[in-house]
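Asks: One-letter residues, chain by chain:
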Amino acid sequence: MGFFSRFRSKEDNANLDKGLSKTKESFFGKLARAVAGKSTIDVDVLDNLEEVLISSDVGTKATIRIIEQIESRVSKDKYLGTEELQSILREEIAKSMGESKSELYGFDLLNKKTPFVILVVGVNGVGKTTSIGKLASRFKAEGKKVVLGAADTFRAAAIDQLRIWSDRAQVEIVAKEMGSDPSSVAYDTLKLALEKEADVVLIDTAGRLHNKVNLMNELAKIRRVLQKLMPDAPHEVLLVLDASTGQNAVEQARQFTQATEVTGLVLTKLDGTAKGGVVIGISSEFGIPVRFIGVGEGINDLQVFDKNDFVNSFFEA
Amino acid sequence: MFDNLSDKLQSAFQILKGHGKITEINVAESLKEVRRALVDADVSFKVAKEFTQKVKDKALGEKVLTSLQPSQLMVKIVRDEMALLMGGEAVELNIKDNPSIILISGLQGSGKTTFSGKLASYLKRKKSKRPLLVACDVYRPAAVQQLRVLGEQIGVEVFHQEDSKDPVAIAIAAVEHAKKNGFNTVIVDTAGRLAVDKEMMDEISRIHKAVVPSETLFVVDSMTGQDAVNTAKAFNEVLNYDGVILTKLDGDTRGGAALTIRSVVNKPIKFVGTGEKMDALDIFYPSRMADRILGMGDVVSLVERAQEQFNEEEARKVQKKIAQNKFGFDDFLNQIQQIKKMGNMKDLMGMIPGMGKALKGVDIDDNSFKPIEAMIHSMTPYERENPGVISGSRRKRIAMGSGTSVPEVNRLLKQFEDMNKVMKTMQGGGGRALSQAMKRR
Chain A
1 MGFFSRFRSK EDNANLDKGL SKTKESFFGK LARAVAGKST IDVDVLDNLE
51 EVLISSDVGT KATIRIIEQI ESRVSKDKYL GTEELQSILR EEIAKSMGES
101 KSELYGFDLL NKKTPFVILV VGVNGVGKTT SIGKLASRFK AEGKKVVLGA
151 ADTFRAAAID QLRIWSDRAQ VEIVAKEMGS DPSSVAYDTL KLALEKEADV
201 VLIDTAGRLH NKVNLMNELA KIRRVLQKLM PDAPHEVLLV LDASTGQNAV
251 EQARQFTQAT EVTGLVLTKL DGTAKGGVVI GISSEFGIPV RFIGVGEGIN
301 DLQVFDKNDF VNSFFEA
Chain B
1 MFDNLSDKLQ SAFQILKGHG KITEINVAES LKEVRRALVD ADVSFKVAKE
51 FTQKVKDKAL GEKVLTSLQP SQLMVKIVRD EMALLMGGEA VELNIKDNPS
101 IILISGLQGS GKTTFSGKLA SYLKRKKSKR PLLVACDVYR PAAVQQLRVL
151 GEQIGVEVFH QEDSKDPVAI AIAAVEHAKK NGFNTVIVDT AGRLAVDKEM
201 MDEISRIHKA VVPSETLFVV DSMTGQDAVN TAKAFNEVLN YDGVILTKLD
251 GDTRGGAALT IRSVVNKPIK FVGTGEKMDA LDIFYPSRMA DRILGMGDVV
301 SLVERAQEQF NEEEARKVQK KIAQNKFGFD DFLNQIQQIK KMGNMKDLMG
351 MIPGMGKALK GVDIDDNSFK PIEAMIHSMT PYERENPGVI SGSRRKRIAM
401 GSGTSVPEVN RLLKQFEDMN KVMKTMQGGG GRALSQAMKR R
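Sequence order for the protein chains is A and B.
For the first sequence, this note's numbering assigns the number 1 to the initial residue and increments by one for each residue that follows.
For the second sequence, this note's numbering assigns the number 1 to the initial residue and increments by one for each residue that follows.
Because the hints were derived from the structure by calculation, they are not lab data.
Simulated pairs of lysine to any residue, SDA-like, Cα-Cα distance not exceeding 20 Å:
hint	chain 1	residue 1	chain 2	residue 2
1	B	K277	A	V213
2	B	K46	A	I64
3	B	K32	A	T60
4	B	K32	A	V43
5	A	K212	B	G275
6	B	K198	A	G298
7	B	K46	A	V43
Simulated restraints, written as ranges between beta carbons of each label pair:
hint	chain 1	residue 1	chain 2	residue 2	range
8	B	K96	A	D167	44 to 50 Å
9	B	G182	A	E177	30 to 36 Å
10	B	K126	A	E51	40 to 46 Å
11	B	L84	A	N214	34 to 40 Å
12	A	M178	B	E373	23 to 29 Å
13	A	E195	B	V406	48 to 54 Å
14	B	H177	A	I299	31 to 37 Å
15	A	D232	B	L84	54 to 60 Å
16	B	R316	A	Q227	52 to 58 Å
17	A	D232	B	H177	51 to 57 Å
18	B	K277	A	E261	25 to 31 Å
19	A	L229	B	Q415	41 to 47 Å
Where a beta carbon is used, it is the ideal one built from N, C-alpha and C, also for glycine.
Chain B on its own, in the form it takes in the complex:
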């Protein structure tokens, strides 16, 4: 995601290599590069300046640790400062009230409606809430319709008054409706507005006063440039919001806004939007984000997503099958489907350290599993369970059936065999695996 920034920081730290100690001179050289990289990543000019000053002070103060490479030390300082700047620990939503009212605000096109839908889906799936979506954008053509379509997709009721042009009244009526009908969270989607539009800012302030939200969220496009400072401040002055949502992070923006906003308004970033699908919403973790910015990957996120999809029982079954040499193509197909459930392949790969750079300009097709699936589907159940029996003529038939070629089938069989071997050795040394398999029996 932030490849360019990490490239630049890496080259900045190259300058430090070969020096035994961080001195005033070599730190100044590399920090100039860091500052430029930050500004190019759309970090506010002022914030970048302050940030590099802080890093400089820390770096010079830490001369003692000369056992580390100066460049390593600098990476550590920059990373720690960056995580600190973006807000320390993760902050959860305040949804304890019944009903909890969540007010969504932001500029035009920042992604408020899409986020509202994602949030409703998240609260429903993961927090076992009964959310109500409220369509208060009475200005943009088809905005209400957009929310209704999303509501239908995720199975959440959408409160709307097609004939009303008064968002304040709609919001109040929606809260009443929620109380009467047992909705415990109310998500109020509002129209996009510019911070300089007094009338519109006054309107959202009136909505805010009328419904007294327990969470007011400011949605901001992660591609925002230097203007992030102004907008974040202006909305904060009017709404004193509780948190920030960073959208469209699945793009290749370096996302300097993430660094800027917390330091300017001192409000935490609570969620990040990472795609157009309704489940493409992640909680914001400042330290992971800093790692990601520095090209250290986001391994923790990857592990968590994997955990979410793989249930343990399933995993144990697979292990057993491998141990008994019964891991067949049907199980393999199963595994593929689980990987696919974890999300977009490119997102997943991007989270592995070092992969971000390697993937620059490469598009990993979610369809890359298709030929493999087709080949497996072209096998008979007997063949899937006993890959050993797949002879030359069977291979020809599978190739024909799946629209692939015999060499491709050969490759798959070879890979499958290799994989089986590797998995067996990974079971923790022959003896133990065997004894465990015995125990289970």
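This is chain A alone, in the form it adopts within the complex:
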């Protein structure tokens, strides 16, 4: 069992449903309309399905793949009803999200050397600092000793922002002046964590657009510097994606993976109207699991991502 399994109470599931209800309603509603009154899959149904998927940011590539799979399933299994279509869809989407990676394997702290070092990366404004605040509070509640590293030394007041989160979560923070070298902040953070025998280290980084090679190289430097103190660090690199981002998220995943070997995704702002469908393609193309979803601004509004829950809450009333 994963480290987070104990967090998943019934209440959490209710929250997940609440957070995803927007996604579910529109997806399901549209799907119901798409198949209403149809006894077989005809071109119209597939066209409507295409619109549903594309309007959810699933992207043309993944949409075409899903539709082709459904077409071949239908010609083989002689599909008939709406319910069957739903279950086929659910299966196909779940399948394309990749099944090889077990949930949260990287977070199984009990089997790992401590501290467990998590580097958080992403483009500007996706919610990195907020996600770190929520994660810190989660780990703290779990009784872990957490140290935060304020390595976003570029954006105005980013350090203050993380400091406020560290106060809220009551965890330690390592911060330097704005404009100082982010690698040195990361180094000092890990050094302190080792001295204090902390369990988890969360390192915040400045938002960077993935096409700026120099900034991406900076991430590689942070990694190298961490490895001076701990050869296998960072143990997890979380790429934070904004659910309202369109197909550019694929490019973000590609570039950040090349620069830092991303091991997990955090999908934020799912409490809005955005569907976040782009993670389906990302997850399958890069084999990176989604770890968490952000469904609000409160300190507890970060939930462990569960592929089946995610797909189910699309289709289950």
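Chain A is already provided as a structure; the job is to place chain B on it using the hints.
Replies: Structure of chain B alone, referenced to chain A:
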């Protein structure tokens, strides 16, 4: 920026090549590709559909112009329609009132605070205004602090009430403060909010009613996907905003949101954010954007930026020096510094037609001038004025001094010599240049 889209459109138009005429069949083939490319560029599914339908109608209607290559004709139609869709002519900010109040709205993380800072800096530098920034984001940790830091950077006062949790009251107090203290524009930065958050949408509506802004702006991340339609509509229903700001365009997003938003809410895009520095703000020009999307480059922007940095007098001096064969390394250094002032090298190169594609995956380092500058700094003033005297031993010394090598110094000297030759011929034919030089004397 939009390389992928233009690649795809180009391949779509390849299909048309070899056909003498745009017919129902060949247009349908290529438009399918265009539609897919648009959707992949995050243009709304519906807008892409409507758009391709429009292009199709236009294309079929224009059969007459068979003197053009069908593919050229299609490029023209797609480009014109795209510019039309994005809003025709550029629309300026309404800042005639005193004070003019500008209300900034948008989702979390779209870049409202950064844009507020850039706008204040822009109004101060280019419109000779005296702006006041107002920090109304009382929710996000350190949001007020962020605006204060930016205000300090650009030398603009920031109005804030650290102990107040009421953005409406803060906004009202700020306007009073502006009136009393002679600020003629007031930029109200607000918290990020989701369109489905009724309470928060109600709050911004109350701010809007309280301060009666002359400009209400909706800030949207250019990477936004299909959700752009919903959010743009929802904010418009509540605020009936005057314009849209497209941020983070310095990324590699294809920016379909730009195409979508105007057509959905019928509001112009007024500015685009192109970097994290406080001067990385450009006015939005729909036609240039369309050119850019189609890979035609953005030459006009480039020329304007160049004009802004090079003053004419300086240019005339340089010309004269070239004519008199007195263009030395000090002048060269000067030129380099001016180019650097124009902005990020990659941005500049990206604006040149055809370069966008060539630059894919290449990062042009702003530091690429560094070794050249180091070599020039290692020359004596005499050497800089008279490059001809730089002998073998001098070259060795310059290489040592600049941390480069003799071959590198040789290369620089050779390039400098070639450049001088080219510049001389560019002066418009020996005779005329000479006569002009004579006249000036």
